[in-house]
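Start from the sequences, fold in the hints, and give me the full structure.
Residues per chain, in single letters:
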Amino acid sequence: MFGSQLVQLLFLPCLISCAMPILAQKKTLEKAPQRFYTCLGTIKDAQGTPLQGTTVQLLKTGKKVMSNDSGFFRISDIPATSYQLQVTHLGHQPQTIPLNFKGEDIWLNIVLEDSNGQLMEVSITEKSKNRQLAEHPVLTQVVNTRTVYEQPTTLIELLNRSAGVRVRQTGGLGAPSNLMINGFQNRSIRYFKDGIPMDYLGGGFDISLVPVNMLERVEVYKGVLPPALGADALGGALNLVTKETTVEQLNAAYEIGSFNTHRASINVLHKKEDTPYFVGLDAFYNYSDNDYKADLKVVNPTTGNLYDIRAPLFHNRFKNYYAEVYAGIHDTKWADELRFGLTAFGLDRQINYGASMSQAIGAATNHQDALIPTVRYRKAFLNNRITIDQFVTANTLYVNQVDTAKGQYNWLGEFTPSDSRLGELVTRGSLAKLNYNYYTSRTHLSYTLDNGHRLDLNIVFTGFSRKGNDPFGQRFAETGVDVLARKATYNKQIYGLGITSKLLQGRLSNQLMLKYYRYGTHATDADYQGFEITHNNRNSSFGVAEAIKWDVSSNSYLRLSAETALRLPEQDELFGDGDRKLSNFALKPERSLNFNLGFRRSFHQKHALEINSFYRITRDMILQLPYNFLFSQSQNIDHVQGIGLEADAEVSFFHWLKAAGNFTYQDQRIYNTNNPSMEHARLRNTPFFFANASLNAFLKRILNPEDHLQVYWHYLFVRQYYLDALPKDQEPDGFLGLWGNAKIDAQNVIPDQRMHTLGFTYAPAYHALRIGMQVKNIFDKAVFDNFRIQNPGRSIFLKLTYSLNNK
Amino acid sequence: MNKWTNNLKYLVLAGICAFASCSKDNNTDPGTPPDDEGNRYVLMTTMGPFGSSLQGGYFGTFAEFPTGNISNINTNSLQIRNAFGFRAYGKWFFNQYNTQGDAGLQKYEVDNNTGKIIESGFLPNAQPSYLIVNDELGYYLDPERGLLKIQIFNPSSMQRTGEIDLNSLKKAGIEYQVIGKHTLATKEGKLYAGITYGTIAGEGYGDDVVDYVEFAVIDIATNSLEKTIKYEGLKSIGWGSSGNKMWTLGDDGALYFYATDLGNAFTNSSIIRIKQGETDFDRNWIIRAKDYSEKSTFATALVKNGKLYTEFASEPLAADFSNLQQLIWDYYVIDMNTKERTKISGMPKAFYAWGSNDAITEIDGKIYFWVSNATEKVEGYYELKDNNTAQQVFNVTDGGMIWGFVKLQ
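Residue numbers (this note's numbering), protein chains in the order written: chain A, 1 to 807; chain B, 1 to 409.
To be clear, the hints were calculated from the coordinates, so they are not data collected in a lab.
Fair warning: this is a prediction, and the values are worked out from it, not measured in the lab.
Careful: at least some of the hints might be erroneous.
[As the list claims (entries may be wrong)] Derived DMTMM-like pairs: lysine to aspartate or glutamate, alpha-carbon spacing no greater than 25 Å straight-line:
#, chain 1, residue 1, chain 2, residue 2
1, B, Lys187, B, Asp252
2, B, Lys377, A, Asp638
3, B, Lys116, A, Asp733
4, A, Lys406, B, Glu144
5, A, Lys743, B, Glu109
6, A, Lys406, B, Glu175
[Claimed, not checked] Across the chosen pairs, the derived CB separations fall in these ranges:
#, chain 1, residue 1, chain 2, residue 2, range
7, A, Asn435, B, Asp211, 41 to 47 Å
8, B, Ser157, A, Thr396, 55 to 61 Å
9, A, Asn437, B, Ser157, 35 to 41 Å
10, B, Glu340, A, Lys487, 56 to 62 Å
11, A, Phe585, B, Asp211, 35 to 41 Å
12, B, Glu340, A, Arg538, 54 to 60 Å
13, B, Thr75, A, Phe779, 33 to 39 Å
14, A, Leu412, B, Gly162, 20 to 26 Å
15, A, Val481, B, Asn337, 51 to 57 Å
16, A, His535, B, Ser322, 16 to 22 Å
17, B, Ser157, A, Phe779, 34 to 40 Å
18, A, Asn674, B, Lys290, 32 to 38 Å
19, B, Glu340, A, Asn674, 36 to 42 Å
20, B, Val209, A, Asn435, 31 to 37 Å
No residue lacks a Cβ here, since even glycine has one placed at the ideal position from N, Cα and C.
Here's what the structure looks like:
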């Protein structure tokens with residue numbers, strides 16, 4: 001405990017010290033003879049709806065900003081004199097406002113009147129980056145992290161409020177998570193950071209760790225991936241987009257909450273005027289004891305029976321840090337951006353339970369760390385008709401597993417030595433040290449043709465190798481060599497070629513993509529007697545995707561996409577673990593034929609409705625099966641057919657009150673099982689219905705004429721689902737299975753989940769400080785994302801954010 | 001370290017077998033079911049073979065002896081997380097996992113009014129080798145309480161009542177020693193607890209470091225150690241991972257133990273016994289698999305009227321187990337005196353008995369054989385008729401592969 005607090009104490013000054021250059025600059029500015037001011041405020045339409053993406057320009061100064069989702073804007077460091085502030089938003093009449101700074105910052109509440117005669121085709125080009133992405137032919141959902149910067153909301157909670165997306169977490173902060181998009185999950189989903197496959201980051205930038213403040217947005221691709229994202233994703237991808245490095249800024253946040261949770265993050269970017277150089281830091285730190293109370297069972301030492309207790313988890317601490325220091329140049333003759341980064345992260349996890357909370361684990365730990373250099377180069381040529389974007393990294397990820405308790409703990413934290421086991425997770429124990437070497441290169445080229453078509457070529461090369469040792473682990477029979485000591489390598493190349501077209505005066509957008517995948521492995525496995533066998537293997541395959549978007553009217557559009565998606569076998573699926581999991585170099589890639597159809601309509605920028613559906617038919621899903629009565633092996637086995645429907649709606653009741661809601665229903669069933677009891681059973685252990693509702697109230701003049709208060713409420717519902725496949729004719733009778741229980745005694749169910757969250761954000765007048773508070777799981781319900789792994793109950797979090805931007 | 005012996009302990013995880021798909025219109029000519037007034041029958045099926053993550057299955061109950069095509073998934077069925085064989089005692093039946101899949105001894109009963117299955121007690125960590133002696137007395141190994149201690153419990157209350165400390169049998173220089181992990185058997189007031197001398201890596205599964213089998217003989221009346229008995233030249237009596245206890249009490253009053261030889265490439269699988277009135281092995285009697293089939297193994301037997309019914313592989317078993325779960329098994333009867341073997345006809349090739357304690361079972365004086373043959377769309381039981389022939393009694397069309405069938409008292 002003392003150690004963790006010490007780390008926090010050390011880390012926070014570190015963050016502050018990192019921020020010092022910017023703070024120092026501010027300080028210097030304030031000490032200058034001339035005083036600088038800030039102009040800030042909100043922009044709304046005549047109906048009181050906040051206007052996002054409004055251009056606010058301080059004429060003759062070069063200072064220009066865009067309003068955020070709340071219609072808020074801020075222009076800082078304005079020397080004391082008179083100005084003209086121009087406010088423009090397409091579809092509305094522009095305003096020019098005179099400003100005269102005399103000893104105080106200026107707060108403006110601007111209302112823009114509607115204008116007639118604006119061409120909506122033009123307005124599309126002015127839409128925010130988020131909106132543009134969301135309206136891409138490829139079905140994309142953009143999760144706007146900016147709107148929750150000031151809230152103590154995790155990225156997982158934010159994603160779970162999105163239609164078609166469900167993240168299941170096995171416990172509290174830092175616990176492993178499983179993302180599901182359109183029914184695909186686990187390895188069918190790929191993760192990117194700024195368009196780069198995230199494998200090289202190990203667990204360092206996991207969605208369960210990254211504070212929302214670190215991100216500009218999250219792009220959720222439901223099905224087809226655009227050419228720029230090179231991955232063998234079977235059912236979608238998540239692209240975490242970090243903050244753009246065009247604006248000098250300082251953003252710092254600190255969060256404290258239940259279970260001794262502390263989260264801190266900082267983004268600092270320093271750019272020197274009139275020079276192409278920039279330097280910055282993105283860093284975050286997470287710490288939590290995760291000692292929330294759960295409903296558990298303990299063995300009575302006398303009777304040997306179990307009895308129920310409600311007790312705190314006692315070996316569930318999680319802490320990690322992540323820091324990327326970067327520097328580079330921008331806007332030079334030979335580089336739009338050349339960025340050198342050095343990322344360091346460390347992750348320490350105590351392990352308190354395994355696949356369920358039936359047995360306490362009290363001593364096992366896991367550690368990861370890495371130092372990762374990166375280089376990124378971007379340049380546009382020929383009047384932006386040709387662009388190149390190159391990223392490269394090579395690094396080693398170190399993983400240590402410690403499992404040497406020589407006994408067992410119970411949920412009271414009591415330890416009983418045992419001569420039957422060396423470890424808790426595995427009876428033989430473990431002191432495994434593994435080194436994972438990664439090499440990732442991503443090249444993206446685009447060429448815009450005269451007729452508006454654009455060609456994209458994307459090449460991703462990923463090299464991976466594993467080597468390590470475990471004094472408690474398996475050894476080859478003949479040589480006695482540690483199985484992990486033999487190097488295993490896996491190389492993967494993914495080539496994507498796409499053409500994007502706009503037809504019919506831009507009303508029809510089309511994207512056609514062709515992808516080529518190939519991989520190679522070199523590994524040493526053991527035969528059934530434990531003798532070494534070295535394997536080399538190569539395979540390749542093609543995939544095709546097509547996406548169309550048709551603007552039905554100025555405020556509605558249709559999207560249709562289809563793809564033959566493919567997922568290559570992973571390294572552990574191919575060459576096993578050298579232990580009881582055998583290699584299978586005959587594995588075929590998983591294949592899926594996916595169709596997506598979506599429609600969106602907005603109503604006077606006040607209301608919006610989006611409906612999306614999908615159909616998938618997946619073959620050769622890779623599952624781990626028993627090879628014989630002793631060994632297991634990954635094999636192509638399962639076939640899944642599914643349809644899904646999701647709807648998302650937003651309504652503005654008043655200019656200060658907004659409601660939103662969505663639901664997702666997915667009917668995914670296995671087929672060709674050769675087992676009547678399993679045929680057309682729902683995909684087991686997979687949520688099939690979930691819904692969200694929220695209310696947001698934007699209030700002002702709370703304690704001061706110029707302050708602001710946002711109050712919000714979120715509700716999440718997840719329908720119960722069964723851990724094991726339930727015969728179709730034994731499913732609950734209710735409409736679409738939404739009510740009732742199974743017709744047989746099926747107790748292994750992840751129960752209905754209903755969770756309420758209430759919070760507020762307070763913005764004091766004229767301050768860059770924001771105060772956010774949130775109560776999660778207000779009614780302290782026992783909630784589960786996974787079978788018998790209880791998630792935290794009611795918890796309270798407080799978050800302070802401080803932001804300074806220069807533009 | 002030899003990988004296949006090191007890993008034999010994972011048999012617990014590897015019990016999912018090739019399943020049988022049964023056509024609903026498969027016309028079965030039922031044999032003669034017993035008279036069933038007031039009885040209950042329990043059938044366990046598993047949903048395999050979709051992998052280690054699909055070890056789940058069903059307990060189904062039947063008020064009458066099932067005949068014809070049946071489903072094991074009905075309103076009285078209980079879905080369970082782990083289905084890998086089970087056992088019954090009186091009106092109770094036991095699984096080595098609870099409904100949620102936690103390892104331990106789970107007791108179930110059938111509600112006489114509703115026919116539904118009721119959970120009636122759970123002892124966590126109890127190993128599959130548990131033994132029920134009578135309504136008030138049972139034994140099990142809880143490795144967390146000690147590898148050289150046998151736990152005593154009351155099956156009625158399903159509460160632990162004490163333990164027998166056998167640390168006096170600890171042998172120096174043995175890396176891994178455990179008592180009662182693979183075999184706990186009883187006969188004539190004695191408890192026979194198998195002693196395993198193995199390795200930490202192998203955890204006692206097929207990793208014997210001695211060339212004999214040894215049992216502790218415990219007086220049940222006093223729960224005290226009387227002696228140990230040895231049988232030279234054999235390894236691996238029993239295999240404590242499934243519902244199959246791998247021993248049987250013959251109608252001649254003798255205890256018969258199966259040495260599977262799973263950890264020794266099937267070169268010396270045998271059945272040995274302790275005769276009625278004796279407390280040591282009968283060293284003048286042994287059934288060796290190799291005397292009948294090259295490289296086979298014993299996992300099931302029934303002794304009645306001077307005959308031993310068992311299962312033999314029709315081809316040599318591969319040392320890497322690759323054909324162990326193929327449809328290569330036939331049922332035979334061996335004359336206990338002449339040792340002559342006769343095949344039971346009328347059945348297709350069967351599956352390895354492995355996790356089933358009831359692959360060969362006697363119900364109301366009749367002998368039944370379990371046959372799982374996906375190719376022939378057979379998943380059911382055959383009744384032994386005259387002249388060593390058998391006739392199918394029922395066939396499971398829904399529910400998966402059978403892992404046990406019992407009649408409750």
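Hints, verified against the model:
For the hint pairing lysine 187 of chain B with aspartate 252 of chain B, the CA-to-CA distance comes to about 12 Å; that is within 25 Å, so the pair holds. Restraint check for lysine 377 of chain B and aspartate 638 of chain A: the C-alpha separation of about 21 Å stays at or below 25 Å, so the hint holds. Distance restraint check for lysine 116 of chain B and aspartate 733 of chain A: the Cα-Cα separation of roughly 20 Å lies within the 25 Å cut-off, and the hinted pair is therefore satisfied. The hinted pair formed by lysine 406 of chain A and glutamate 144 of chain B meets the criterion: a straight-line CA distance of about 10 Å does not exceed 25 Å.
With a C-alpha separation of about 20 Å, the suggested pair lysine 743 of chain A and glutamate 109 of chain B falls inside the 25 Å cut-off, and the hint holds. For the hint pairing lysine 406 of chain A with glutamate 175 of chain B, the CA-to-CA distance comes to about 14 Å; that is within 25 Å, so the pair holds. Distance hint check: the CB atoms of asparagine 435 of chain A and aspartate 211 of chain B are about 42 Å apart, consistent with the given range 41 to 47 Å. Taking 55 to 61 Å as the suggested C-beta distance range, the pair serine 157 of chain B and threonine 396 of chain A conforms, at roughly 57 Å.
A beta carbon spacing of about 58 Å between asparagine 437 of chain A and serine 157 of chain B contradicts the range 35 to 41 Å that was offered as a hint. A hinted range of 56 to 62 Å holds for the C-beta pair glutamate 340 of chain B and lysine 487 of chain A, which are about 57 Å apart. Take phenylalanine 585 of chain A and aspartate 211 of chain B: their Cβ atoms lie about 39 Å apart, and the range 35 to 41 Å holds. Separated by about 57 Å at the C-beta atoms, glutamate 340 of chain B and arginine 538 of chain A satisfy the suggested range of 54 to 60 Å.
Taken as a hint, the range 33 to 39 Å holds for the pair threonine 75 of chain B and phenylalanine 779 of chain A, whose Cβ atoms sit roughly 34 Å apart. For the pair leucine 412 of chain A and glycine 162 of chain B, the beta carbons lie near 23 Å from each other, so the given range of 20 to 26 Å is met. For the pair valine 481 of chain A and asparagine 337 of chain B, the supplied restraint of 51 to 57 Å holds, since their beta-carbon distance comes to about 53 Å. Between histidine 535 of chain A and serine 322 of chain B, the C-beta spacing of about 18 Å keeps the proposed range 16 to 22 Å intact.
Restraint check, serine 157 of chain B to phenylalanine 779 of chain A: a C-beta distance of roughly 38 Å satisfies the suggested window 34 to 40 Å. Taking 32 to 38 Å as the suggested C-beta distance range, the pair asparagine 674 of chain A and lysine 290 of chain B conforms, at roughly 36 Å. The hinted window of 36 to 42 Å between glutamate 340 of chain B and asparagine 674 of chain A holds, with their beta carbons roughly 40 Å apart. Distance hint check: the CB atoms of valine 209 of chain B and asparagine 435 of chain A are about 35 Å apart, consistent with the given range 31 to 37 Å.
Violated hints amount to a single one, hint 9; each of the other numbered hints is respected by the structure.
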